[in-house]
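Peer 1: Given two chains presented individually in distinct reference frames, assemble the corresponding complex, making use of the accompanying hints.
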Amino acid sequence: MSLVWTKWTGHERGQGTEREIPGGRIEILPTPQVTNLDAGIYSLMSGGAIPVGSVRVKRISTLYTMDQLVGLAIPTDEFTEENNPPRRSSAREQPPKPSVTDLPQPFDFHWEIREDGRGDDPSPRWRFRLLSWPWRHAGGVEWQAMLERVSDDDARDGSPTSGFDPVP
Amino acid sequence: MGLLDSIRKMVAGTLWGDVTPALPVPAPLPLDARLQAIAALLDYVAKIEFSVDNSPAPPRRFRIRRQNLLDEWPDDMKDMVFPTIAVEPGDVAIIARGLTNSIDESTIDQFGLGTAVLPLHEHQERIVLHVWATTRYQRAAIVAGLEGAFDPDEEMSGVRLVLPNYFGQVARFTLEGNQRVDDPDSARRRRTARLIVRMEVDVCRLVNVEELPPEGATTEIEVVTKGDPTPVTPLDPPLVP
Numbered sequence: 001m002s003l004v005w006t007k008w009t010g011h012e013r014g015q016g017t018e019r020e021i022p023g024g025r026i027e028i029l030p031t032p033q034v035t036n037l038d039a040g041i042y043s044l045m046s047g048g049a050i051p052v053g054s055v056r057v058k059r060i061s062t063l064y065t066m067d068q069l070v071g072l073a074i075p076t077d078e079f080t081e082e083n084n085p086p087r088r089s090s091a092r093e094q095p096p097k098p099s100v101t102d103l104p105q106p107f108d109f110h111w112e113i114r115e116d117g118r119g120d121d122p123s124p125r126w127r128f129r130l131l132s133w134p135w136r137h138a139g140g141v142e143w144q145a146m147l148e149r150v151s152d153d154d155a156r157d158g159s160p161t162s163g164f165d166p167v168p
Numbered sequence: 169m170g171l172l173d174s175i176r177k178m179v180a181g182t183l184w185g186d187v188t189p190a191l192p193v194p195a196p197l198p199l200d201a202r203l204q205a206i207a208a209l210l211d212y213v214a215k216i217e218f219s220v221d222n223s224p225a226p227p228r229r230f231r232i233r234r235q236n237l238l239d240e241w242p243d244d245m246k247d248m249v250f251p252t253i254a255v256e257p258g259d260v261a262i263i264a265r266g267l268t269n270s271i272d273e274s275t276i277d278q279f280g281l282g283t284a285v286l287p288l289h290e291h292q293e294r295i296v297l298h299v300w301a302t303t304r305y306q307r308a309a310i311v312a313g314l315e316g317a318f319d320p321d322e323e324m325s326g327v328r329l330v331l332p333n334y335f336g337q338v339a340r341f342t343l344e345g346n347q348r349v350d351d352p353d354s355a356r357r358r359r360t361a362r363l364i365v366r367m368e369v370d371v372c373r374l375v376n377v378e379e380l381p382p383e384g385a386t387t388e389i390e391v392v393t394k395g396d397p398t399p400v401t402p403l404d405p406p407l408v409p
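Chain order of the listed sequences is A and B. When we follow our numbering, the leftmost residue of the first sequence carries the number 1, and every step to the right adds one. When we follow our numbering, the leftmost residue of the second sequence carries the number 169, and every step to the right adds one.
Extracted from the complex, chain B is given alone in its bound form (with noise of 0.2 Å):
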């Protein structure tokens, strides 16, 4: 008994992707939306070229190792190196799609024989850079690389990622604000800066769908006219070809 059939009478509704003939229902992604979208927005940040002040010499260009991009926090045996930028979870928001969710029509087929993706609501969430530097300068030339990697495309403010493991879907960051800590810490060679970031994204699923051919179907449809009681049928010529 596939999954559809074990809960078709506990939901209220028809079942998305309840198809006929029956399909194995498409595995859910290992990871989700979010994870997927900061995934993309650290190797992002990885390509960003950051500017260090090296007086006398001209700034010293620099990139931050992607393995010391962190979308959480690590287990105990990940040693901090310098710099590190570790994304830390925020409010989340759940947007829905109005009254209903409808399928991505483009996407049949795409990612699967006989499916489409589902988009289902809208994931928002204020997540924070947490920025781990050594020296205020590299802290400062970290802040501001970061701030200039935001705004990279002239259509619209922020940044816009393609989540290629995630239906292609497209995920949105805007940087709403930053924070530079000092505290004792600081005098200790670990200095901080943390960059509220808004990300949205599309949470989707892969479902079955079957497409209706409108080959032979006949479209009928009655017009009745105040005084004219006489209905107009068939459409010649037809709507559907």
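Bound conformation, chain A alone (with noise of 0.2 Å):
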């Protein structure tokens, strides 16, 4: 499971082309527990099927902060290079954040599942956003959240998909 930032070309999100930002894919570690995946479906539309539905994510280590988990905190290269796996002082070390309100233009921000190799190799890349925000379980040292499967996946080597014939 990653945390995965991206940036368009252009002023705003969906405006040129989208590119993973250096630095900008985190693995969460260790792997979190994610439950509920049966509640993904694949829903039937004109267009074809669509995977929809969420999963509940838990045992989040505590060493990545809600700012991290909700996208706010961008990385860049040198600290994805230090900190992942998180240390204890990675905390403390989060780079500058643009806004504590929103992801600011043309940043885009996604969680990403993956099987964990056991299976289909490479396997394929699951998209989500948080539905509910992360919040830290009473009962353990832990963070929990809803996550929902958003269009559309990459393709299993990381490139984008799409529909497109390009026209020379």
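Hints were generated in silico from the structure; no laboratory data involved. Glycine residues also receive a C-beta, built at the ideal position from the N, C-alpha and C atoms. Careful: at least some of the hints might be erroneous.
Said to hold, decoys possible - Residues of chain B placed beyond 12 Å of chain A at every Cβ, according to the derived structure:
1) H289
2) V327
3) V330
Unchecked claim - Quick list of the computed label-pair ranges, beta carbon to beta carbon:
4) B:P224 to A:D116: 35 to 41 Å
5) B:P226 to A:D121: 37 to 43 Å
6) A:V34 to B:A214: 38 to 44 Å
Peer 2: Here it is in structure tokens:
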């Protein structure tokens, strides 16, 4: 499971080309527990089947901060290099946040869930958004959060998928 | 016993294609006029070049793959790939061709010896092009491209497409409106738009025909004028050479 920051080449999200920023992929370690994965369904639409639904993620290390989990703390290459997996000091060494209210344009953020490699290799990359804000679970030292599937998933090799046929 | 023999006593009137000697009835086409017309429209849409904002670089030009242009809801094994356009059905009006049909004489022997195309009625329908895109720039690009593509020729508004697999009929498509649909799914990168298109196509079938050769026929016309009861017959020279 990873937190993924991307940036569009235009002035706002959706404008131009979306690219992962340097250091913009932080794998959440130790691997959290995903439950209610059976809540994911294929919703039939006029254009085809879309995976929709939500999952609950448990046992997210508290070495991550709330701002990281909601995407406000945009990592730098150096930060990710030194804090992935997170250290005890990681929370104090967060890079400066451009905003504490919302993610500035043209940055984008999502969660990604992949199988751990015991099955298909490479495994599908599923894109999620936060359905609920993360909360510290009272019964344990952990974050919990609800995630919801969004469109569209990257290809298994990480390249963007699209039905485009580029015109030469 | 052929089809016509089996229904001749059931149907009042003279059957189309009931020729002497009897010939096999031409088989109906596997796809109706509606689906043939929509397939032609989607083939046309697959050729359209769209242009999406790619700031700061120049706009990126693209086409939508034909496999993602759907004439109706697909089966459950088709995963949505963005962008996709799916055709949804609308209200249908059947417009009769006057009191009786008549064959299109220009099609005699064109689609089979001893046959001609019989236009039955006009199929009018307001179909919906359901556009599926991820970002609002992608959706805007597709709507803009489609709007421009529905007026390609100088002669008339709308686009007219020849149906090579449907007796060379011409289907007409006129863009009548569009609607960008915004709901919570838009924020989940599933942005849609609906373009309303008026589709008109003649429904036809192939029938056997028998030409009556004019050789040897004589034409007799009686012209009786008041005060001159003497009929003039026949014409000299005859009307039919």
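Peer 1: Output the indices of the hints that this structure fails to meet, ascending.
Peer 2: Of the numbered hints given earlier, the structure breaks none, since each of them holds.
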